[in-house]
Amino acid sequence: MSAVPPFVERVRSALGDERLHVALGRATEALRSRRASAFASLEDSDRVRDLARKAKLEVLADLASQLQRFEERLVANGVEVHWAETGEEANRLVLEIARRHGVKRIVKSKSMATEETHLNPALERAGMDVVETDLGEYIVQLNQDRPSHIILPIIHLTREDVGAVMHRRIQVPLSDDPRTLAGFARAKLREEFLRADMGITGANFGVVETGTICLVTNEGNGRMVTTLPRVHVAVMGIEKLVPTLEDLDLFLRLLARSATGQKITTYTTLLRGPRRPGDECGPEAMHVILLDNGRSRLLAGDDAEILGCIRCGACLNACPIYKSIGGHAYGDTYPGPVGAIVTPGLRGLHGWSELPAASTLCGACRDVCPVRLDIPRMLLGLRRETVRTEKTPLGLRLGLKAFGWIAPRPKLYRAAAAAARRLVRARAREGWVRRLPGLGGGWTQARDLRAPAATTFQEQWTHRQQTARATGSTPGASAGGAGGAGVRRQQAHKPEAASGAGLTPAERAGGPGGAAQHPPARRR
Amino acid sequence: MTARESILSRVAAAQRTARLPARPVAEPMAAATRSRSHCLERFGQELAALGVGCHVETTAEAVRERVRCLVEGQRVLSWDAEHLPYEAGAVLTAASRGSSPRAEQAAAEVGVTGCDGAIAETGTLALLSGRGRSRAVSLLPPVHVAIVRPEDLCFSMGEFFARHGARMSQEPSCTFVTGPSRTADIELTLTLGVHGPGRVVVVIGPEPA
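Residue numbers (our numbering), protein chains in the order written: chain Z, 1 to 524; chain C, 1001 to 1209.
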């Protein structure tokens, strides 16, 4: 991925994109609240999540024989099974299958696995005509863009952007109405479905017991792609297995709720094999490509748990970092907290070691994860690994060394902190610091820093204790007492500033107590 | 060594060193079931929430009349008559079938199917594939009319799997349809009918006499 600019550059450009922030903020917020209400409708949701987690962990602990059993079932159902060590190998297999069946035109439904292998460019280079049919992915393809969210590929585009892309690339009238735009796509893609020779999909789940591929979609493109063309190829990661239909039922209850806040997606398609003699539709040939591409290596290590991910995207919507930088900044197929583990896991830590650092470790991802993956634990592990194996920049190394030396020496630490506080306060205007020099500049690159208080909490506390002792009351009860001058003064102003009674907006903004409440608008 | 062998041997080795957390302790859940009348009521509620029209008819004749009204004046694509309950095929004699030319199927304005199960908890229709029951019928036309018998109702997906597992293992595909085709890819704006039918109508008939 030499074409990808460094992580810091990617983050910087994302942070500077105001429109992206608005789009991400709206979408992630909406998805979060939809998820929350969808889980409210799930009976015994904790148990469902535990059982789903248990099923995934069982499969992973026994993956080799589960894969063989799954393969046996598929073959018995008339499916041809292929194995791919790498993404390139998977692409080559798809191409061979296409050539063998005399295929020219290919339609695809949304699949993370084929994003990961960069299948489309490989097919196009070989002269195949390949069209993405999920509305979002179709726009991504028209725009020669990359998806930026696992379930909402064009979360980063506005309706105007989409209208402009479609106008430019498929010569439809310019519009910014989502329904009109979807109508254009429907008409255009309907032709593609009807004349395609081959359909390519991923797989949301593979059911070992029955040799079933499960696909979930809302638009119906997944059904078109697996019903109309004469060949169907499903590319699936080797970790996508669930043991039985009963287990699948658990995952179906969780997936749509976590992803879009639906109880179930509009279409859930279970596919067991090609059409039988006499059937009027369905592919004449069905192929499944089982893709490793780094998964077996991931399974061998500390982060094996991440292979239980069902790609619902809930952790993206919950993540304060994803919300700030969006999917493209993660630089590869899988964004967000899960991507920060999967990408180094599949591609190696070298070159991707900044991703695990792009987290506040707040744990929101773990809380929303339908299979309760301990994402923060894995992120921390990868950070440890980074320190162990990657070269740390000199500045950071020296800085940490200095910190390590100062931190266990209280007097020195307090003196250093006081000096830093004075320095930062000296640069503050209206309670906010716009730019810090040196290493501190990283903080203020894309946001303002709130000026530290004039006195520290400890100083205020000591002061209050002293005054309390002088007046004879306990420190805890002294909130209403005479002491704690610094704290009290602010408290006294708050109600006034909040109600704004009798103040002009300028006074409200600039007035004491009020000033620190809202950051000034950032000027660029 | 083939890719298959090397992947399987790597996976087998990886399993031994994998750091997988302890599995949670949880008792398996039985598939949720409810009474027929409870299912009917819930199914209706869920369909309404999904924006699916629902007609409950008390006689086979009323079902046929309802279907006739729903498709009147339109080009119809339907399952073969022997797979439609309440002899609804009798009012669809001019309809295209799954065996008709593809272009004719693609031009249909309404598709009529029966169903193999109806899941009350989510307002879902379960459609197994097979001869005379083309998957295209519930997919290509912009409107899908599904005829449901009360005995098709299950409460949960789990109940459906338990009841129909054997039949499912005979057919190459099973499709669960929950409401109209939808997308929210552009600015999370809900749009119906993007590839599949934008309108779904359910006609529920009487219990068998």
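Simulated from the structure, these hints should not be mistaken for lab results.
Keep in mind that a hint or two might mislead.
[Unchecked claim] Label-pair distances were calculated between CB atoms; the ranges are:
1. C:T1017 - Z:T455: 50 to 58 Å
2. C:R1102 - Z:P173: 26 to 34 Å
3. Z:D46 - C:R1068: 21 to 29 Å
4. Z:A164 - C:R1102: 31 to 39 Å
5. C:E1207 - Z:P320: 52 to 60 Å
6. Z:L439 - C:T1017: 19 to 27 Å
7. C:A1031 - Z:R190: 35 to 43 Å
8. Z:L194 - C:S1035: 41 to 49 Å
9. C:R1163 - Z:R179: 45 to 53 Å
10. Z:R383 - C:A1012: 28 to 36 Å
11. Z:R427 - C:A1012: 45 to 53 Å
12. Z:R190 - C:E1087: 28 to 36 Å
13. C:E1109 - Z:R383: 32 to 40 Å
14. C:E1027 - Z:A164: 51 to 59 Å
Backbone N, C-alpha and C fix where the C-beta goes; we use that ideal spot for every residue, glycine too.
Here's how the hints hold up against the structure:
no., hint, result
1, C:T1017 - Z:T455: 50 to 58 Å, "holds, 53 Å"
2, C:R1102 - Z:P173: 26 to 34 Å, "holds, 29 Å"
3, Z:D46 - C:R1068: 21 to 29 Å, "violated, 49 Å"
4, Z:A164 - C:R1102: 31 to 39 Å, "holds, 34 Å"
5, C:E1207 - Z:P320: 52 to 60 Å, "holds, 55 Å"
6, Z:L439 - C:T1017: 19 to 27 Å, "violated, 39 Å"
7, C:A1031 - Z:R190: 35 to 43 Å, "holds, 38 Å"
8, Z:L194 - C:S1035: 41 to 49 Å, "holds, 44 Å"
9, C:R1163 - Z:R179: 45 to 53 Å, "violated, 39 Å"
10, Z:R383 - C:A1012: 28 to 36 Å, "holds, 30 Å"
11, Z:R427 - C:A1012: 45 to 53 Å, "violated, 60 Å"
12, Z:R190 - C:E1087: 28 to 36 Å, "holds, 33 Å"
13, C:E1109 - Z:R383: 32 to 40 Å, "violated, 59 Å"
14, C:E1027 - Z:A164: 51 to 59 Å, "holds, 55 Å"
Going down the numbered hints, you'll see the structure goes against 3, 6, 9, 11 and 13, while the others check out.
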